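Student: Given chain A's structure and the hints, the job is docking chains B and C onto it.
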Amino acid sequence: MQTRLSKIAAIGLAALMAGVGAVHAENIVVTGVSSFKLIEDLLPEFEEQSGIDVDLQILPYPQLRQNSMADLVGGTANSDVYMQDITWLGEWATNGYVRPLDDLIERDSAEVDLDDILPGAFDSLSKWDGKTWSMPFGAYYFLMYYRSDLFDKAGIAPPKTFADITAAADKLTDPSANLWGIAMPYRRGTPIASWFLATYTGAGGRLLPDAPQDFTPSLDTPLALDTLTAYLKWLEDAPSGAIDYHWNDQTVAMQTGRIAMAGTFSINGTEFAKPDVSLVSDAIGYTYMPVAKEGDPNTIPFGGWAVAINANTDKVEPAWKFIKWVSSPDVQRRLGALNGTPMRSSAMSDPDLQKMYPWLPFILDAEEAGIVYPDYRPRYPFYPKVEEALGLELNRAALGEITAEEALSNAQSEIKKIISDAGYPVKG
Amino acid sequence: MPVSDTTLAGSSASRPSFQGIGIARATYWWFLAPATTLAVLLVILPLVALIVMTFLRWNLTESPIPAFAGVDNYLRLFADGAFWASVGRTLVFTAESIILQLALGIAIAVLFNRDWFGMGVIRALFLAPMMVAPIFAGMIWRLLFSDDFGLIRYVILLLGFEQAPLWLGDPNIALQAVIIVNVWQWTAFVVLFILAGLQVISPDLYEAATIDGAGPWTRFWKITIPLLSPIIIAVIIFRAIDAMKVLDIVYVLTAGGPGNSTETVSYRVYQTGITFFELGYASTMALFVLLTVFVMAYLLLLAGRKRS
Amino acid sequence: MSGVFGRPLSRVARRGAVYLGSLVVLAAFLFPIAWMVAMSFKTRLDIFTWPPKVFSFTPTLENYEKVLFGSKSFLHYVANSVEIAAIATLIAVAFGVTTAFALAKGRVGNSKALGFLLLSFRMMPPVALLLPYYLLFRSTGLLGTIPAIAITHAVFSIAIVIWMMRAFFEEVPNEIEEAATIDGATPWQVFIRITLPMSRPAIAAATIFALMTSWNEFVFAVVLSNTQTRTVPVAISSFVGEVYVSWGELAAATTIGMVPTLILAFIGQRYLLYGLTFGGVK
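Protein chains in written order, with the working numbering: chain A, 880 to 1307; chain B, 9 to 316; chain C, 865 to 1146.
None of these hints come from the bench; they were simulated from the model. Any given hint could be a false lead.
Said to hold, decoys possible - Here are the simulated EDC-like pairs of lysine to aspartate or glutamate, each with C-alpha atoms no more than 16 Å apart in a straight line:
1) K1203(A) <-> D987(A)
2) K1194(A) <-> D934(A)
3) K1112(A) <-> E1284(A)
4) K1032(A) <-> D1053(A)
5) K916(A) <-> E1106(C)
6) K1200(A) <-> D981(A)
7) K1203(A) <-> D1031(A)
8) K930(C) <-> E990(A)
9) K936(C) <-> E1284(A)
10) K1010(A) <-> D981(A)
11) K1006(A) <-> E985(A)
12) K936(C) <-> D994(A)
13) K1306(A) <-> D1099(A)
14) K1306(A) <-> E1285(A)
15) K1200(A) <-> E926(A)
16) K936(C) <-> D932(A)
17) K936(C) <-> D920(A)
18) K930(C) <-> D1193(A)
19) K230(B) <-> E215(B)
20) K1203(A) <-> D981(A)
21) K1112(A) <-> D1049(A)
22) K1112(A) <-> E1280(A)
23) K1296(A) <-> D88(B)
24) K1050(A) <-> D1028(A)
25) K936(C) <-> D934(A)
26) K1200(A) <-> D1028(A)
27) K1203(A) <-> E990(A)
Remember, it's a predicted structure, so these values are computed and weren't measured experimentally.
Isolated chain A (complex conformation) (with noise of 0.2 Å):
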C-alpha cells in the first residue's frame, strides 16, 4: 500500500515540479513572515521584468528565528533573503550575518531615492554602527486607538493621559452590552512585556536611558511604577479574558467592536480600518499613546520589519533586485494599501491611502518632528531575555500575586543580571 501511495505522491510531485523552475534561468529564497505574505500577489510581475523566480517562503515568527540563525550562523545559504525584525539588526550587523548594502545603494542611488524613506525608519530598522545592514520594508508605530463614535456619543474628548484612559474607559465600559473601555494585552511573555514598554514609551520612559555607556535600566523610576500601576488599572474595565490576551485577542476585540480603547501598532490599526474584517471600520480614531501628566512630551514607539541579504550567498545581484523592487515607490504604496505600513514618505502622502488609513498624515508629522522612538524593546541580543523576565514579573502583577512594585523590583534586578552576564556596562 505504502510504495504505491509514494508512487502516485512521486509521480505527483515530478508533475508539479516539472511545471515550476523550467522558464527562470535565476532564481533565489526569500524567507519571511506573515505579514510577506501580501507581496505573494505582486510577485508575478517580478518574476516576468526580472527572470528571476522568487521562492517565498512564509514562516511563524519563532521558526524564522531558530531557521534564520541555523542558516546564518551555520554559514550557508538556504535562503538568499531574509526579513530581519527589527530587534535583530545589532546581532546581524556585528556578527556579519548580512551583506551590508551601502555599495549597491551608493550604485543605485537613483533608484533607491534614500530621500524618500521614512528617516525614523530607515535608522532604527537598518543602519548600525555607521552602515546599513537591511532596507526597510515595514514601518509600525505604536498609536492608541479608540472608537470615535462612542467617543462623540459619550462626549468625551480624545484621551491624553493616564488619567483620561481611566476615566473614558470607566465611563464607556458596559458589559450588559458586552462593551469594555480598554484592553491590553496581559499574556504572559512578548505581549505583556513588549506592549507595557511601549506604554511606558509612550509616556516618555526609556528602559535603558543611559545605553551603551551604562545599561542600567529605568524600571525603579517613579513614571515606570505609574505606568504599570494605569496599565494593570485598566484590566479593571478589560473583558474577563483579557487576563489572556495575545495582541492577536486585542485586535479581534476591537475589530468586534466589543472594546472601545486599544493602544497598538499601525499594523493592527490597519486591521481595525478594513470593512470586510472589522465591524468599527468607520469609526476608529487615533492619537498619541498616553503621557502621565497633561503637557508631557509625546513619543510614538516604533518597530517593523527590514529585508536584509545573507552574507553567505553568492546570488547578491538577484537578491538586491527583488530588494529593491519591495522596497520601491510603487510597491511599497501598492503593499501600503493593504498592511498600511509603507515606509516611504511618497506612499504615505498617497490620498487614496490616506484616506483609508487616516493616521497616516498624522504619523509623517511626527517623523518630521523627530518623536519616534525605535529603542522601546532595546536592540540588544539580551533583549528575549529581559522580555522574558519582565513579561513574567508583569504577568503575575496582572494576576494579584504581587504588587507593581515587587513586579518592577523584580524586574529591576533580574534584567541588571541578565545584561551584565551578556557582559555590557551595568553601573547602577
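Tutor: Same frame as chain A, but now just chains B and C:
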C-alpha cells in the same frame, strides 16, 4: 515439545526461546541490523553531540563560536530554581494525563472492540484528534477555551451556570486545561494499541470464566487487564515520554502562563535553546530530561516485569 | 417461551447501549474537530461572534479557494507529506517489526540496551536534536530533501513500533512458532508465515500510528525542509501570522490535511480487529 497446557501468555523470562532450540543466532542479527544501523547513525551521534554540548558555553547571540565551559552548565542547572519547579509541574502533568488517558482509553477500547456494522467508521473517526498536528490542536482549543468567543463557555452558560471558568487565564485551572487538551489528543493512541492487544485474548478464556460464575467486572480485572499488561506498560512508557516533553500545546495555549502555572521542562528547554540560543545550557537541561525519562521508563518496565 | 423472547430483546438493548455509548464518546471527542470544520466554512466576521454561531451562518468556500488555488497550491504540500509519510512508515514498520521479532523471540545480544537506545531518541526534547540533525544533513548534502525528513520521522516512530510489537509478540503464545521450528522452519519462515499473519492487528495499529506521527511532525520538518519539500504542517503554519491568525484558512487547510489520514485510518482499522477468532489458538 509444544506445551499444550499453557494457554496464557506467561512471563517472557520463563518462556523457552528459539535459542534454546539451537537456531543460529546470526539469523536474528539480520533482523536487528537495520534498526541498529539507524540507531548508531541517528541516535548515538546526536546523543554524543548533546553530551559534548553540555560542556560548552555556546550562546549564538554572543558569538557563533563555542567555548569550553567545564561543568558550569551543570552547576547552573542545580541552582536553577525555576527549572526544578518546572520539573515538578511536568511530573504532575504527566501523571494526571496518563491516568486519565489510560482509564478512558481502556474503557473506550473495550467499548469499541466489536465487529459490528458501523463500528469501523466510529473507530476510524475516533482517531481524528491524533490527525491534527499538536500546534494546530492547541490553537483550536485556545479558541474553544476563549472567554470572548469560546464554544465551551457558551455551552456552560447554556446549561444554566452563572459563570464559566477562565480556562487559560486562571493559574489554578490553566494546567488542567492543558491536560484536557493532551488527553483529548492522545486517548486515541491508547485506544489504538489496547484494541490491537485485545485481539490476542482468547474468547475461550472468557467463556470458561463465565461458566465458573465470574461476572463481567471480574472477567475484566482477572483476564483482560493481566493479559494486556505488557501492552499497557508499553503504552504508559510512551505516553509518559511524550507527556514529559509536552511543548507545542503549552506554547500555543498559555506560553507557560498565567504566572508560571503551566511552564513545563520542555518549554524552558525550548526558550533557552531557540529563543535565547544558549545551546550549551539548553543541552544540559535536555540531557537531564532524557535521564529522568530513562529512569522512569526503566522503573515502569521493572514494575511490569514483576507483575507478570 | 419467555426465555426465547427475552434473550434477543436484552441483546438488542445491550447492542443499542453500546452504539449509544460509542456515539456519545465520539461526540465528546470530535466536537473540537467539528467546530474547526465549521470554521473552515465561515468568514472571519462569523468566526468571532458572541454567542458563537453554531448553525446560523452562511457557509462560504472562500477559505478553501484561498488554500487550494493560492499562488502555491496546498496540494503540492499534501503530495510531499504523502511521500514523506509513506517512506517514513515503510522504514519504521519494516525495520521495527523485524527488530521487535528478534528482541521478543530471538534473545540475542543485549536486546534491552538496543531497545532503550532507540527509545532514547524519543526521550530527548526535540530542540536538543535539531542542531545535530541540521549539521548532519547539511554535511551529507541531504538538507531539504524528502529522504532526510522521512528518515527523521521514521526514527521518531520506530521506537514505538518496536516496543509495541515486542509487547504484542510477548503476548502471543510461543507454542505455534515452536512447533513450526521443530518441523524445520527457519526463523525467517516462522516470521513470514506465522508471526506476521498473527500480528496483523498490532501491525495495523503501528502503521496507523507511524503515519500520523510523520503526518503531524512539525519541529523537524520546518528546519529540514526547503520551499519545495515543505510538509502540510509547515505549510499550514504560514497562516499563523504575527499580526493575526488567518483562522478560516487555517481551519480549511487543517481540514484538507486530515482527509488523507482519515482515509488511511479507515482502511487501517479494518485490520485492527481480528474478528476475535485467532485468539482461540490452542
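Student: Take the C-alpha atoms of K930(C) and D1193(A), compute the straight-line distance between them, and say whether it is at most 16 Å.
Tutor: violated (34 Å)
Student: CA of K1032(A) to CA of D1053(A), is that 16 Å or under?
Tutor: It holds: about 14 Å lies between the C-alpha atoms, which stays within 16 Å.
Student: Next pair to validate is K1112(A) with E1280(A); report whether the Cα-Cα distance is within 16 Å.
Tutor: holds (15 Å)
Student: Would you check the hint for K1200(A) and D1028(A), treating anything up to 16 Å between C-alpha atoms as holding?
Tutor: violated (45 Å)
Student: Is K1203(A) within 16 Å of D981(A), Cα to Cα?
Tutor: OK: K1203(A) and D981(A) at ~13 Å, within 16 Å.
Student: Below or equal to 16 Å on CA atoms is what counts here, so check K1010(A) against D981(A).
Tutor: holds (7 Å)
Student: Does K936(C) pair with D934(A) here, judged by a C-alpha cut-off of 16 Å?
Tutor: holds (10 Å)
Student: Is the hinted pair K936(C) and D920(A) satisfied, with a Cα-Cα distance of at most 16 Å?
Tutor: Answer holds: K936(C) to D920(A) is near 11 Å, not above 16 Å.
Student: Next pair to validate is K1112(A) with D1049(A); report whether the Cα-Cα distance is within 16 Å.
Tutor: holds (10 Å)
Student: Below or equal to 16 Å on CA atoms is what counts here, so check K1200(A) against E926(A).
Tutor: holds (11 Å)
Student: Is the Cα-Cα distance between K916(A) and E1106(C) 16 Å or less?
Tutor: Holds, at roughly 11 Å.
Student: Can the restraint linking K1194(A) and D934(A) be considered satisfied, given a maximum Cα separation of 16 Å?
Tutor: holds (13 Å)
Of the numbered hints listed earlier, those contradicted by the structure are 7, 8, 9, 12, 14, 18, 26.
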